[in-house]
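*Asks:* Got two chains here, separate frames each, mind docking them using the hints?
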Amino acid sequence: MSAETVEKAIEKKPAEAFLSKRRKKLVSDPLVDDNPITIQVLGICSALAVTTQMKPTLVMAISVIFVVVMSNLVISLMRNTIPSRVRIIVQLAVVATLVTLVSEVLRAFAYDMYKELSVFIGLIITNCIVMGRLEAFALGNKPYDSVLDGFGSALGYSWIILTVAFFRELWGSGSVFGIPVFDYISGIFGPDFKLATNGLMVSPVGAFVILGLIIWVQRTKTGYVEH
Amino acid sequence: MQQSNAYIITFSVILTVVLGLLLSGTSQVLGPMQREAEALDKKKQILGAVISGEEIAAMTPQEVNEYYTNRISSVVVDINGEEVTEQNGAAVTAETVDIAKNYKKPAEERLYPVFIYHAEGSSDKVESYIFPLYGAGLWDAIWGFIALDTDMNTVGGITLAHAGETPGLGARITEPGVQARYVGKEIFDDSGDLVAVEMQKGEGKDYSSQPHQIDGMSGATITGKGVNNMLKDYLGHYQAYIESKKSNQAVAAL
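Note that the protein sequences, when read in sequence, are chains A and B.
Using numbering that gives the first Met the number 0, read the first sequence as starting at 0 and increasing by one per residue.
Using numbering that gives the first Met the number 0, read the second sequence as starting at 0 and increasing by one per residue.
Calculated directly from the structure, the hints in this document are not laboratory data.
All the given hints hold, so there is nothing to weed out.
With beta-carbon atoms standing in for the labels, derived distance ranges:
id, chain 1, residue 1, chain 2, residue 2, range
1, B, 65, A, 161, 32 to 40 Å
2, A, 121, B, 242, 43 to 51 Å
3, B, 189, A, 186, 40 to 48 Å
Cβ coordinates follow ideal geometry from the N, Cα and C atoms, glycine included.
Just chain B, with the same shape it has in the complex (with noise of 0.2 Å):
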């Protein structure tokens, strides 16, 4: 066997050159591809809050992206529930904001997309607002959209996913079952003050007759507490938001 330096170093440099070319040639070429994957997604994330995941699991790609042209609106929002359609020079839209790196931020600084769920063709006509949530979990990150009705204090529904959490127990979380039990629950409590949802601790047990309170997950305390404070701070950050469309309808009802 050739055992000198120099050839082993020839050999490691050559090897180095040509897998590293194979690799970044690959990259290109899937580039554009893994970039539409996930976009595609991330408009399933948001459709998971307003319709069910069979529904979505049902369509094709196009019709994935055909149904959320139709029927999903978007703005940003800064802390303040102000509009903000650039930042630094720069045009913003809620589809390209990338939420875990606003996470980074000061919460004053953070842009803040809302997806509005419309009837068909017309964007006045709102079903409900989506809102994305990101927070940690017990291992690692956990996110989701979570939809308010118009009435900006029941949750329509709400789409959970995690970067590492237990299988069968904190990652029980992205099960439609666990995520149903948010339906119909109420953010702002009697007084309008924002309580949020929260899991309980222990599983079994009816929250029906309790606005803000559901079912806890066996042996995934730590990952419920996890959704909780997400939910308070996101529902928190939007909170000006939420109230100035809350007081838009109680001008409109009167």
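Chain A extracted, bound-state conformation (with noise of 0.2 Å):
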């Protein structure tokens, strides 16, 4: 589904309920059928560097809802203003600004997050997502819908990584949200038994298999081919 079809939808529908089949859709078809990082490929470079742990990849993956709902909003809101000349600058000034925003506000209130994701924050600024969402949607769209579109696309990219974390964090670490699952577990079969973490689940490539067998599931079922 891409933004051109929704916007035609628009056009012929002035009043409509506040969560019409249309709204709803916004939401949810970028959860599975037109997933930002599964099937756009966006996204990727953080999807791969903040997994390794469920706790970060949380606070990242609601950072950059936060990022992409807000900027969707100012951008949609100010659309008819902006110089189409200027636009892309304009969407990275904004961008950039609410990206500055979410790394202060860490660093005042979660400071060891902010000292563990940093960089991370900062780049949400090239995060595809928040750009590719704000030119394609937020710039021809009502505010409303341009928050729900955004709200959808950064809800598709942070059920992707948290999946990632989950997976690389119990492989990796033996843990899920710092609580050592495999300790337990192996605490069930006496005390000679003991489950092996792998280290590769911890760097990188971890991501990529993972990332790889969840668009590798997700394309069999939804019989998604690229074209």
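*Replies:* Below, the structure written as structure tokens:
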């Protein structure tokens, strides 16, 4: 489902329900059928970098949701005043401001997370999902629809990186959200039994493997083929 | 769409001013909290050299501050081990010395803070001396704090941190398991020369009978070398202070 078909739908319906079918689709489409990571293959860099553990990944996911939703809202509100020749730099300025806000807030209230994620939070600016949604959707649609669209895309990104992080942390460090699951399981089978962790999962290669598997499973189920 | 140059310039200027005000406003509002968070983080790192990471993680920020105030006293010394109380007319405190900034100066001109971990309430009953470390890893800066027992020879603990070492390889210096390898090692050899503790190449060997060597990190030899150089450099810079404390004890023992 591409942005153009969605735009056409807007023209024929001036007043529609708060959560109409079309609007629900704005949120649900990017979750599976048009997922930014697995279908559009955007935002791979951060999907590899931050997903060694669940906790930083969750913070990253929330930050991305905030940035995408807010930038979509702001750009959509300004869409009729932005001169088209400088629109990219305007989008960039808005996104960069939002990302800096997130980074500053983390630095004040979650310093440990800030230390761990600071570089990657900054790199949300270059996350293609953000600029992609602004160019493809927010510039030509009303604020509320843009917010839904941004929320959907960011959610699609989030569930993928959280899934990757879940398996990487489980197999790489034997824990989930820092809880040592492997130790508990090993405990059940007696003192001599020990589940081994895989160092490959901690390195970015592990993310590629998991991501590849997710894409494989997803495409087998949906029958999606690259064209 | 509005395409005139005047419109574009006006639009850009307004946008820049609005966003700039927003950001500087945020920075002003959050500034004090950020400085507090940074100071707290530094205290946690210092305490990390003498108590375990889990204990620190279990403390609330107030408890960390309280514990720090009760158990840590500090002095600032120069390269000759002499105490420094003011520099360029301004009072010097160990907590405000920026190790990274001092690192850029020649070793003779740097300020060297020392954090003294003592029994609760009595600053005379010293349990260990904590020295900051700073150096270069493979990609970026590495730093940390090392605690020496009162014999000024045995390593009581170490915390290491880094700005950008490779995750899973060099970044492992932050792991408790790696840092624990330093505990109980000695920094002076039998003839009294400073040799520090050297992380070896390769991983999985037993160095428990070697007082100056510890097991390395597989795939992170250069980071390991960076840590070795950092230890040797900084313990060397503190050597005058360390020797002075040592001789004090020798006198006391007689």
